[in-house]
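The whole structure should be built from the sequences, with the hints applied where relevant.
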Amino acid sequence: MPDLFVLKKDTAECFQEGAALARRLGFNAAAKTIAETEKDFLEKKLMVVTVGEMKRGKSSMLNALLGEKEQIFPVNASVATNAITIVRYGEEEKVEVVTEERKKGIMLPTTKTIHRTEIPNYVSEQGNPSNFKNVRLLKVEIPNPLLKEGIVFVDTPGVGSLNISHAETTYGFLPNADLLLFVSDASSGLTETELNFLKRGYKYCKNVLFPLTKKDTNPRYKEIMEDNQYKISAALGISIDEVTLIPISNTAKIRYLETQSKAALASSNFPEFERLMWSTIAAKRGEIMFLPFLEQVRQETFKIDENIVAQYQLLESNKEKMLELIANLKKEIEKYKSFESTNLQWKSELAESFAIMQNNNIAALSSMELEATNHLEDRITALGVKICEPEYYKQVYNEINNIMSERLLELKDQMIDKTVEEVNRVNISLGLNVDSCQRALDGLNFTPKKDLDVVFPKRKASEDAIRKGTKISRSIVGGSKIGMVIGGLLGAALAVFAGPAVIAAELGTTVADAIFYTAISSSMTGTSIGGFLGGAKGCVDAVTQGRDVDIPVVRKALTNHINESRILLTKIMNEGMITLKGRVINSFETEFTAKKRELEDNIKQIEITVNSTKPDQEKLEELKRNAETIQKYMVRLEELKDTVASLNNTEQDSVFQGNTGDIPVSTLVPEAEKKEMEYSFL
Amino acid sequence: MEQSRMKEVIHTFNHSELCRKLIPAELASGWPCLKKVRGKLYIVIPYFNRMPVKSGYALYPIYCSATIPWKMPEKMLDFTVYTIQENWKDVDYSKPVGFFKHKALEDIRTKDEYIALCNRLYRCYDEMVLAVLENKPFAGEEKMAGLFSKLMEPSLYPFYEKINKKFYSNFYKM
Ligand SMILES: Nc1nc2c(ncn2[C@@H]2O[C@H](COP(=O)(O)OP(=O)(O)OP(=O)(O)O)[C@@H](O)[C@H]2O)c(=O)[nH]1
Ligand SMILES: [Mg+2]
Chain A
5 MPDLFVLKKD
15 TAECFQEGAA
25 LARRLGFNAA
35 AKTIAETEKD
45 FLEKKLMVVT
55 VGEMKRGKSS
65 MLNALLGEKE
75 QIFPVNASVA
85 TNAITIVRYG
95 EEEKVEVVTE
105 ERKKGIMLPT
115 TKTIHRTEIP
125 NYVSEQGNPS
135 NFKNVRLLKV
145 EIPNPLLKEG
155 IVFVDTPGVG
165 SLNISHAETT
175 YGFLPNADLL
185 LFVSDASSGL
195 TETELNFLKR
205 GYKYCKNVLF
215 PLTKKDTNPR
225 YKEIMEDNQY
235 KISAALGISI
245 DEVTLIPISN
255 TAKIRYLETQ
265 SKAALASSNF
275 PEFERLMWST
285 IAAKRGEIMF
295 LPFLEQVRQE
305 TFKIDENIVA
315 QYQLLESNKE
325 KMLELIANLK
335 KEIEKYKSFE
345 STNLQWKSEL
355 AESFAIMQNN
365 NIAALSSMEL
375 EATNHLEDRI
385 TALGVKICEP
395 EYYKQVYNEI
405 NNIMSERLLE
415 LKDQMIDKTV
425 EEVNRVNISL
435 GLNVDSCQRA
445 LDGLNFTPKK
455 DLDVVFPKRK
465 ASEDAIRKGT
475 KISRSIVGGS
485 KIGMVIGGLL
495 GAALAVFAGP
505 AVIAAELGTT
515 VADAIFYTAI
525 SSSMTGTSIG
535 GFLGGAKGCV
545 DAVTQGRDVD
555 IPVVRKALTN
565 HINESRILLT
575 KIMNEGMITL
585 KGRVINSFET
595 EFTAKKRELE
605 DNIKQIEITV
615 NSTKPDQEKL
625 EELKRNAETI
635 QKYMVRLEEL
645 KDTVASLNNT
655 EQDSVFQGNT
665 GDIPVSTLVP
675 EAEKKEMEYS
685 FL
Chain B
219 MEQSRMKEVI
229 HTFNHSELCR
239 KLIPAELASG
249 WPCLKKVRGK
259 LYIVIPYFNR
269 MPVKSGYALY
279 PIYCSATIPW
289 KMPEKMLDFT
299 VYTIQENWKD
309 VDYSKPVGFF
319 KHKALEDIRT
329 KDEYIALCNR
339 LYRCYDEMVL
349 AVLENKPFAG
359 EEKMAGLFSK
369 LMEPSLYPFY
379 EKINKKFYSN
389 FYKM
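Residue numbers (the numbering used here), protein chains in the order written: chain A, 5 to 686; chain B, 219 to 392.
Hints are computed from structural coordinates only; laboratory data are not their basis. Misleading hints may appear alongside valid ones.
Subject to a maximum C-alpha distance of 30 Å in a straight line, what follows is the list of computed DSSO-like cross-link-like pairs (lysine-lysine) [what the hints assert, rightly or not]:
#1 A/K618 <-> A/K325
#2 A/K560 <-> B/K293
#3 B/K258 <-> A/K422
#4 A/K203 <-> A/K73
#5 B/K307 <-> A/K339
#6 A/K203 <-> B/K253
#7 A/K203 <-> A/K585
#8 A/K398 <-> B/K293
#9 B/K253 <-> A/K560
#10 B/K313 <-> A/K560
#11 A/K351 <-> B/K383
#12 B/K258 <-> A/K585
#13 B/K258 <-> A/K203
#14 B/K253 <-> B/K225
#15 B/K383 <-> B/K258
#16 A/K398 <-> A/K422
#17 A/K398 <-> B/K258
#18 A/K560 <-> B/K225
#19 A/K422 <-> B/K307
#20 A/K422 <-> B/K313
#21 B/K289 <-> A/K560
Take a look at the structure:
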């Protein structure tokens with residue numbers, strides 16, 4: 005297997021050369037894209053994210069995996085982790101905590117360096133109860149060789165029903181996960197909430213491993229393992245064989261690290277777990293960390309090649325057509341200009357769709373309120389005055405929060421899907437899905453004198469295949485850019501709806517963006533449901549302090565809580581929609597600018613050829629030389645791709661397709677068994 | 219005679235803040251259908267546009283619907299705008315689909331007569347709801363079908379069917 009470091013260095017170098025080459029040939033827009041791709045490539049990490057209900061042993065497992073002398077992730081018998089912790093490689097140890105503070109009305113991130121021993125003061129429930137310090141992220145860099153290849157471990161707060169803000173924080177992180185470690189344990193079976201969470205996570209990340217911790221605590225752990233396996237396969241709609249639960253003992257592995265006891269290591273089952281995890285990572289590495297970048301650069305250089313080749317063909321066969329091509333390209337520029345100034349229908353259409361989405365949000369949130377209220381009434385009926393006892397009251401309060409959080413997450417999902425759909429629609433209606441240079445060329449009605457293969461025998465077969473069917477060389481490579489608009493927007497939508505801003509920043513969104521999102525998203529996450537306890541919290545206190553409460557007081561407190569939640573969430577969702585709309589429009593405008601630049605580069609290069617006083621033969625020679633240089637470069641990219649592909653020694657799993665099945669009806673309230681009448685109209 | 223509960227429920231929702239926010243003021247509510255979600259009873263109220271013309275009203279396709287709980291009419295479970303639904307995309311909202319009143323109502327001469335007839339249908343709805351809530355058979359099915367088939371605007375029926383075929387077709391006997 006090739007050395008990953010060397011490969012990474014080679015690839016980055018290759019990208020730098022690509023950018024230089026594009027610039028030298030006068031294609032500045034492409035040069036810029038390639039340079040940006042290189043930057044993204046170097047920053048790309050493979051995120052291994054642990055998720056699961058609280059207390060399943062997520063933090064312990066990461067400690068056991070990393071094998072550090074002093075444990076990094078705080079572990080505790082009561083709720084421990086309450087903020088996301090990212091651990092990555094660094095030559096020297098460095099721990100930073102990112103908090104959010106309100107400054108001049110907006111929430112701004114502040115980073116502070118701390119010592120490792122201080123970690124629990126920030127990300128554990130003990131040191132930072134209810135996260136009153138507003139910690140959004142803990143960033144740890146350690147010289148641990150396991151992380152050296154760009155692997156990042158992420159610990160998340162438990163997603164359990166007790167703390168909705170935890171679920172939201174973790175959920176916001178899921179779209180960035182490359183591998184999920186979904187943790188269950190041998191002491192009790194998986195709950196509905198956990199399974200729902202898994203389903204949601206699975207939508208964004210299809211690579212999941214299922215460690216089952218605390219194997220040491222239950223000699224009959226196999227029963228739980230089988231039960232979990234069954235539940236997971238049902239929830240994800242995949243076959244049982246695809247759900248491999250790996251029983252492990254974190255405590256045994258940690259004991260091994262302390263005592264070097266071989267018996268402890270064997271009973272921990274970590275060797276097996278680690279083997280599986282690292283082979284999964286190895287299999288996905290190339291696909292996640294190299295291929296998208298190589299493909300992006302390949303497409304950019306391919307477009308340059310196409311321009312040069314087209315020039316060559318026109319010059320050789322029909323010089324006048326070059327001017328016509330310039331005119332066509334200019335028309336394309338005009339089209340983009342009109343989208344920016346006069347032809348603004350796409351904007352009003354977008355505004356309309358967003359308005360409808362906003363209405364649907366209002367409706368969905370009011371339906372959420374209704375469901376929660378219904379639930380409250382049901383529970384009052386079922387429990388009677390018992391609901392005034394602290395235990396029951398808290399239970400119902402959590403159930404209500406659970407319903408609301410579940411609906412909210414669904415709604416956020418829907419908004420993201422709809423936004424992507426909208427963007428797609430506008431893309432097609434504006435013709436952005438067809439490459440504009442291609443359109444300009446197709447408009448020429450031109451047949452080249454000589455077959456391309458005769459002039460450029462070395463061009464790769466794959467390009468020949470793409471070229472087939474078009475009159476002259478340029479082909480349908482525009483797709484990638486469109487993909488990027490959508491991809492970028494998906495990221496933006498998620499940042500708005502799902503993730504704290506500082507995390508978006510951490511993952512490569514620009515600083516300006518991060519601040520922009522911070523303004524809205526901090527109010528959208530974490531604080532949304534669990535954060536504003538208002539009347540309900542007062543009531544919890546009253547109930548727990550044994551003051552006089554009766555059913556009307558409880559009903560009022562909880563109804564208020566539900567109602568306030570709905571009002572606040574409506575406001576937050578509305579603000580989010582406005583931001584998102586702005587963001588979508590902005591992305592399109594950025595896209596127009598990029599397209600115009602690309603077209604201008606193309607025109608300029610053709611004009612240089614047309615206006616040059618050199619004899620045609622000389623010009624042809626020069627074009628041919630340039631084309632061959634770029635083609636040679638593309639061969640190199642292909643070779644790199646082959647090497648990366650050889651990293652993937654395991655087959656890609658195709659069965660792991662998205663599952664959009666129904667979310668099962670909550671099992672919180674077992675419906676009384678009753679026989680229902682059958683009606684012909686219901 | 220006693221006011222119909224169904225009519226009251228629809229009225230309450232139509233005058234709620236939520237309805238004002240979501241449903242364009244010019245739309246009229248049509249005949250509701252019943253729906254059970256997670257064991258609870260809801261009614262779906264369709265809304266459509268109508269424009270006064272010489273002979274009555276021009277009727278436009280159903281535009282949206284609201285699903286509200288029978289027991290809490292000022293709240294809402296669901297709100298659907300049909301113009302953006304995939305299986306409604308061929309519906310032309312620019313032209314009327316028919317006119318009020320339709321043929322079956324020829325013998326109804328005054329507005330009061332019409333309202334009285336509507337009230338009878340609303341009371342059938344009440345009986346039906348009661349039966350469903352008590353989990354008993356609905357005895358007034360035939361009576362309801364008679365009234366419903368008379369009052370249902372034939373030009374709008376296809377849209378009702380799109381919303382809930384099982385319910386509406388059970389009472390529309392043409
Ligand atoms: N016996 C045994 N105990 C374990 C194991 N893994 C974790 N624990 C214990 O379970 C408790 C919870 O472990 P954590 O690692 O804090 O769990 P977590 O999932 O990170 O919890 P939160 O961060 O609160 O969601 C601690 O008391 C651990 O010592 C295991 O494999 N065996
Ligand atoms: Mg933890």
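Hints, one by one, checked against the model:
Our distance criterion of 30 Å between C-alpha atoms is met by A/K618 and A/K325, whose separation comes to about 19 Å. For a cut-off of 30 Å, the pair hint linking A/K560 to B/K293 stands: about 17 Å separates their Cα positions. Straight-line distance between C-alpha atoms of B/K258 and A/K422 comes to about 29 Å, which keeps the hinted pair within the 30 Å bound. Simply put, A/K203 and A/K73 have alpha-carbon atoms about 35 Å apart, too far for the 30 Å limit, and the pair is violated.
The straight-line distance between the Cα atoms of B/K307 and A/K339 is roughly 29 Å, inside the 30 Å bound, and the hint therefore holds. Our distance criterion of 30 Å between C-alpha atoms is met by A/K203 and B/K253, whose separation comes to about 28 Å. Our distance criterion of 30 Å between C-alpha atoms is met by A/K203 and A/K585, whose separation comes to about 28 Å. This hinted pair checks out: A/K398 and B/K293 have alpha carbons roughly 25 Å apart, not beyond 30 Å.
A distance of roughly 29 Å separates the Cα atoms of B/K253 and A/K560; the hinted pair therefore holds under the 30 Å criterion. The straight-line distance between the Cα atoms of B/K313 and A/K560 is roughly 49 Å, outside the 30 Å bound, and the hint therefore fails. Restraint check: the Cα-Cα separation between A/K351 and B/K383 comes to about 37 Å, which exceeds 30 Å; the hinted pair is violated. At roughly 36 Å between alpha-carbon atoms, B/K258 and A/K585 are farther apart than 30 Å, so this suggested pair is violated.
Using a Cα cut-off of 30 Å, the hinted pair B/K258 and A/K203 holds, with the two alpha carbons roughly 26 Å apart. For the proposed pair B/K253 and B/K225, the alpha carbon gap of about 17 Å is at most 30 Å, so the pair holds. For the proposed pair B/K383 and B/K258, the alpha carbon gap of about 20 Å is at most 30 Å, so the pair holds. With a C-alpha separation of about 36 Å, the suggested pairing of A/K398 with A/K422 is violated against the 30 Å cut-off.
Straight-line distance between C-alpha atoms of A/K398 and B/K258 comes to about 25 Å, which keeps the hinted pair within the 30 Å bound. Annotation: proposed proximity of A/K560 to B/K225 holds, straight-line Cα distance about 29 Å (limit 30 Å). At most 30 Å may separate the alpha-carbon atoms for a hinted pair to count; A/K422 and B/K307 meet this at roughly 16 Å. A hinted pair counts as satisfied when its Cα atoms are at most 30 Å apart, and A/K422 with B/K313 qualifies at roughly 28 Å.
In summary, the hint linking B/K289 to A/K560 is supported, as the alpha carbons are separated by about 18 Å, within the 30 Å threshold.
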